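Listed below are the residues making up each chain.
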Amino acid sequence: MATFLGINLFGLFGQLLVGLINGSFYALLSLGLAIIFGLLKIINFAQGAMYMLGAFAAWMALNYFGINYWAALILVPLVVGFAGVLVERFLLRPIAGEDHLYSLLLTFGIALVLQGLFTQIYGASGQPYSIPDALKGGTKLPFMYLPDYRAWIIVASVVVCSLTWYMIEKTRLGAYLRAGTENPAMLQAFGINVPLIVTLTFGFGVGLAGFAGVMAAPVYSVSPDMGSNMLIVVFAIVVIGGMGSIGGAILTGLGMGIIEGLTKYFYPEASTTVIFAVMVIVLLLKPAGLFGKEA
Amino acid sequence: MTMTKPRIALLVLLGLLAPLVIYPVFLMKVLCFALFACAFNLLLGFTGLLSFGHAAFLGTGGYVTGYLMINTGITPELGILCGTLAAGVVGAVYGKLAVKREGIYFAMVTLALAQLLFFVYLQAPFTGGEDGLQGVPRGFLFGLIDLTNNTYLYYVVYAIFLFGFWLVFRTVHSPFGQILKAIRENEPRAISLGYNVTQYKWVAFVISAALAGLAGSTKTLVFQLASLNDVHWHLSGEVVLMTLLGGMGTIAGPLVGAGVVVTIQNYLSGGELGNYVSIIMGVIFIICVLLFRNGIVGELQRLIKRNFG
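Quick note, the sequences are listed as chains A and B, same order.
Heads up: the first sequence at position 284 corresponds to 284 in this note's numbering, and the numbers run straight through without jumps.
Heads up: the second sequence at position 134 corresponds to 134 in this note's numbering, and the numbers run straight through without jumps.
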């Protein structure tokens with residue numbers, strides 16, 4: 001047993017890994033929320049339900065149509081993203097001018113419907129989804145055993161987050177997006193189809209949740225309440241990080257995952273509450289959030 | 001449909017006679033949730049703050065009352081008082097944190113804080129974990145009146161509800177309530193007029209939390225049970241729905257909304273339709289937001305004003 005200063009290194013790195021994996025999902029989900037918030041100024045309460053939808057879509061694709069994990073990884077985010085496009089176009093746009101509380105309540109209603117629907121069809125218990133064959137192995141590192149699929153989650157999530165960041169901060173399309181965040185009326189005046197950008201942005205943000213759902217299917221059991229539990233933690237993370245910056249959302253997500261993992265090792269009783277406790281501290285010291293811009 | 005004296009008297013009389021016709025336990029459930037929704041409406045409807053964690057206060061009231069009733073044998077009125085105070089204290093702390101942020105951040109902060117408390121209650125030694133506190137004795141009111149009798153208990157619950165309802169009514173129609181409305185309508189203006197907006201929001205939050213705790217304490221006494229369901233985010237969502245459906249910012253709306261939602265739940269929960277509750281709630285949410293933003297009472301008021309006003 002490798003120990004250092006009385007710390008069981010196997011245990012510690014194991015929990016750190018779990019923390020990084022949770023953090024990968026937090027990062028993907030809060031990134032989606034931040035992108036949607038930037039342009040639409042709304043919080044998508046259905047983001048967790050869309051994540052659940054992604055996991056179930058992957059499960060259904062495999063069991064009903066024989067579509068494997070890798071194809072699902074591409075297809076499901078598109079399908080979920082398209083569902084998001086429909087939601088934006090037909091439900092959110094009619095109330096776009098109203099108080100933002102209404103859009104929040106509307107997306108909460110969507111989340112309830114989706115969760116209830118899947119509970120009704122598949123029951124509250126989880127469905128198993130096996131790890132794809134190519135990633136079934138693992139690597140033995142000097143201080144821990146690293147299963148391939150877990151490494152893949154971290155790599156894939158970091159790559160997707162980085163690409164998204166690059167697209168928003170460095171490309172022309174991203175420039176439209178940022179301009180829309182600052183001043184949509186001005187952007188429209190320049191001849192850009194802002195409503196289309198808004199719809200696609202919502203679809204993209206929701207698609208990220210769908211992508212996270214597919215990735216999560218083999219590690220967590222695919223169950224109707226997987227999204228709501230995740231979402232509340234992600235909300236706390238969003239409050240901690242503030243939604244001012246895309247990079248901030250990613251970093252806070254990963255960082256909170258690591259903090260959660262460390263807590264699981266050193267003081268397991270607090271592992272479910274530590275992120276909320278961090279949120280309280282941040283609210284006291286820096287109410288706008290670590291990366292927040294508003295006063 | 002303003003609250004004139006004869007109308008109020010008629011409503012109070014209806015409440016007094018209701019248990020002759022309707023099963024009292026069902027009525028008590030409606031009254032507890034109506035009080036909960038009234039407390040919530042003070043915040044959402046009259047101050048413009050959407051709390052998504054109000055179950056935390058209902059649950060705290062319930063747990064404290066349940067624990068004291070089981071372990072110390074105090075009388076129910078003291079148990080309820082302690083539960084209400086405890087919820088008020090939690091509300092004071094959470095309120096201080098939550099009013100630092102606005103709008104949707106406020107909703108997220110309250111939701112996260114409530115979830116924090118959910119996990120605390122899940123692990124704490126005095127809440128009975130997953131089982132909750134079962135078999136809470138109803139006791140003797142003032143040491144005299146046996147509350148195991150549902151009819152007696154109904155009138156106690158009714159009195160508590162009327163008190164809470166009156167308190168919200170008085171608060172809304174006081175100078176303090178006018179300032180809350182000013183904050184709802186135009187916060188920067190209220191600030192520029194010299195009001196300490198944060199302080200006003202906080203006081204409204206504490207009143208609302210304490211009243212939610214009162215509802216939770218009373219509910220624990222009625223059902224002799226305090227459980228994790230009472231602090232779950234589902235319940236926080238339900239109270240939003242009751243208020244939205246009934247009509248936020250109206251005095252009677254939460255009562256109507258609570259009646260409708262509790263009726264739907266009671267009707268469905270018995271059979272195999274139990275899982276549909278969540279779907280139906282979700283659909284009502286969507287319909288309310290898209291077509292029905294003033295809620296039942298709000299729309300009725302508008303109709304009456306248009307046709308008879």
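By construction, these hints were calculated from the structure, which means they are not laboratory data.
The structure displayed is predicted, hence computed values, not measured ones.
Beta carbons: idealized from backbone N, C-alpha and C, even for Gly.
You may find that some hints are simply not true.
[To be verified] Listed below are several chain A residues computed to face chain B (Cβ distance under 8 Å; list not exhaustive):
(1) Leu-101
(2) Tyr-102
(3) Ile-110
(4) Thr-181
(5) Asn-183
(6) Pro-184
(7) Ile-232
(8) Glu-269
(9) Val-280
Each hint tested on the structure:
The restraint placing Leu-101/A at the interface with chain B holds, with a minimum CB-CB distance near 5 Å, inside the 8 Å limit. Given the 8 Å rule on beta carbons, the hint for Tyr-102/A holds: about 5 Å separates it from the nearest Cβ of chain B. Restraint check, Ile-110/A versus chain B: the minimum CB separation of about 7 Å is within 8 Å; hint holds. With 8 Å as the threshold, the beta carbon of Thr-181/A stays out of range of chain B, its nearest partner Cβ sitting at about 16 Å, so the hint is violated.
With a least beta-carbon distance of about 20 Å to chain B, the hint placing Asn-183/A at the interface is violated under the 8 Å criterion. Restraint check, Pro-184/A versus chain B: the minimum CB separation of about 18 Å is more than 8 Å; hint violated. The restraint placing Ile-232/A at the interface with chain B holds, with a minimum CB-CB distance near 5 Å, inside the 8 Å limit. Interface restraint check: Glu-269/A against chain B, minimum CB-CB distance 6 Å, threshold 8 Å, status holds.
Taking 8 Å as the C-beta contact cut-off toward chain B, the hint placing Val-280/A at the interface holds, the least distance being around 6 Å.
Figure legend: structure checked against the earlier numbered hints; hints not met, in rising order: 4, 5, 6.
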